[in-house]
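Protein chains in written order, with the working numbering: chain A, 1 to 119; chain B, 1001 to 1204.
For the record, the hints were derived by calculation from the structure and aren't laboratory data. Misleading hints may appear alongside valid ones.
[As the list claims (entries may be wrong)] In silico lysine-lysine, DSSO-like type, Cα no more than 30 Å apart, as pairs:
#1 B:Lys1101 x B:Lys1150
#2 A:Lys54 x B:Lys1043
#3 A:Lys54 x B:Lys1126
#4 A:Lys54 x B:Lys1062
#5 B:Lys1126 x A:Lys47
#6 B:Lys1102 x B:Lys1150
#7 B:Lys1057 x A:Lys54
#8 B:Lys1119 x A:Lys41
#9 B:Lys1190 x A:Lys54
#10 B:Lys1190 x B:Lys1043
#11 A:Lys47 x B:Lys1157
#12 A:Lys54 x B:Lys1119
#13 B:Lys1062 x B:Lys1150
#14 A:Lys41 x B:Lys1126
#15 B:Lys1126 x B:Lys1102
#16 B:Lys1101 x B:Lys1159
#17 A:Lys54 x B:Lys1101
#18 A:Lys47 x B:Lys1159
#19 A:Lys47 x B:Lys1119
#20 B:Lys1062 x B:Lys1190
#21 B:Lys1119 x B:Lys1102
#22 B:Lys1157 x A:Lys41
A quick note: this is a predicted structure, and the numbers were derived from the prediction, not measured.
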Amino acid sequence: MDALYAQRCFNCHGPSGRGDGPIAASLPVQPPDFRDTVQRKSNPQIKRLITAGKAVMPAFEPALSPSEINDMLQMVRFLSREGRDISWWENFDALVAAHCSIPWEVVLGYDEPTEEKQP
Amino acid sequence: MKVSGRSWFQGFGVLFLLIFASAAISAPARGPQQIPVQRRQVKIAIDNFILTDQSGKPFEFKHLNGKVVVAAFAYTTCPDVCPLITAAMRQVQINLSEAEKKRVQLITVTTDPEIDVPKVLAGYAKRYGAELDSWSFLTGDETTLKKVWKNFGVGVKRKARGLVDHTPLTAVVDQRGVLRFAYIGASPDKNLVLNDVRSLLAGR
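Please construct the entire structure, taking both the sequences and the accompanying hints into account.
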């Protein structure tokens, strides 16, 4: 999900969705701050913007699949919350990956390898 | 293997060109506005081609004979250089007088025909407020487009669905179909492009 945002949205919307991406200042229209716009919009409204585009923002339909557009929607919702940014998400992703790679028995403390009893 | 100083120097030159060309083709994921736009004066004859415009009608390049053509290469889902290139094209169009608009044609040629069918291009044109009397958005089959890209010197590399690396080229073609000015970079200065267009209109 974060890779999708980094590839398709980051340049304009920036790391925390405040409209401060690397090309934002060169655009004829300033990208909005998600904390103002996304917070006020419903999911169907945001999805419509992502699929149909607006002004210089690309229309991501039909290039992206419905599930990718859903992922994008979740990401902009996440970034619209105060204090969130893409690097936080990247850390979170790594945390999930790390935990998922550990056998659940070890995480929960069950079935720890029994030490061989000394005779 | 013994390498003479001269051949080492030539080898270094080729390597430098390769690095330069690959840097131009591949727009970086972050900070494309930081690439300074390069303006080059060239003389490359553009062969006739037939593509399809945003309304689904055939568009033949040779019918533009006698007009100055401003050509840009972009695709509609581009997340870095293309919004800047297309915005610059719009600025060029806005700043042309009504008389000049009759003698100048803008074209945007897609670098992603998989996604950019005429209907998608029509939506893109509308979002940028393009005046379609003097600006056409072109697509076509990949074989024809590859010839056009090559003729203009545009490298195109598909990375994923709706994600393409390409040379960020805006070009000015004279009234006889010869590419005269090439601007490589994200935001060509509209005044520079307008000056070059006007110098061709004045027959200079």
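Each hint, compared with the structure:
A distance of roughly 28 Å separates the Cα atoms of B:Lys1101 and B:Lys1150; the hinted pair therefore holds under the 30 Å criterion. As the CA atoms of A:Lys54 and B:Lys1043 are separated by approximately 38 Å, the hinted pair breaks the 30 Å bound. Proximity of A:Lys54 to B:Lys1126 is assessed by CA-CA distance (about 10 Å); at most 30 Å being required, the pair is judged to hold. Proximity of A:Lys54 to B:Lys1062 is assessed by CA-CA distance (about 34 Å); at most 30 Å being required, the pair is judged violated.
Distance check on the hinted pair: B:Lys1126 and A:Lys47 sit about 20 Å apart at the alpha-carbon level, within 30 Å; holds. In summary, the hint linking B:Lys1102 to B:Lys1150 is supported, as the alpha carbons are separated by about 28 Å, within the 30 Å threshold. The suggested pairing of B:Lys1057 with A:Lys54 holds, with an alpha-carbon distance near 25 Å, which does not exceed 30 Å. Taking the CA atoms of B:Lys1119 and A:Lys41, the gap is near 27 Å; set against the 30 Å cutoff, the hint holds.
A threshold of 30 Å between alpha carbons decides the hint, and for B:Lys1190 with A:Lys54 the separation of about 23 Å falls inside it, so the pair holds. The suggested pairing of B:Lys1190 with B:Lys1043 holds, with an alpha-carbon distance near 21 Å, which does not exceed 30 Å. About 29 Å separates the Cα atoms of A:Lys47 and B:Lys1157, which keeps this hinted pair within 30 Å; it holds. Between A:Lys54 and B:Lys1119 the alpha-carbon distance is near 16 Å, which keeps this suggested pair within the 30 Å criterion.
For the hint linking B:Lys1062 to B:Lys1150, the alpha-carbon distance of about 18 Å falls within 30 Å, and the restraint holds. Straight-line distance between C-alpha atoms of A:Lys41 and B:Lys1126 comes to about 24 Å, which keeps the hinted pair within the 30 Å bound. A distance of roughly 20 Å separates the Cα atoms of B:Lys1126 and B:Lys1102; the hinted pair therefore holds under the 30 Å criterion. For the hint pairing B:Lys1101 with B:Lys1159, the CA-to-CA distance comes to about 36 Å; that exceeds 30 Å, so the pair is violated.
Restraint check: the Cα-Cα separation between A:Lys54 and B:Lys1101 comes to about 26 Å, which is no more than 30 Å; the hinted pair holds. Annotation: proposed proximity of A:Lys47 to B:Lys1159 holds, straight-line Cα distance about 24 Å (limit 30 Å). Only pairs whose Cα atoms come within 30 Å are accepted, and A:Lys47 paired with B:Lys1119 is accepted, the gap being roughly 20 Å. This hinted pair checks out: B:Lys1062 and B:Lys1190 have alpha carbons roughly 25 Å apart, not beyond 30 Å.
Restraint check: the Cα-Cα separation between B:Lys1119 and B:Lys1102 comes to about 25 Å, which is no more than 30 Å; the hinted pair holds. Using a Cα cut-off of 30 Å, the hinted pair B:Lys1157 and A:Lys41 is violated, with the two alpha carbons roughly 36 Å apart.
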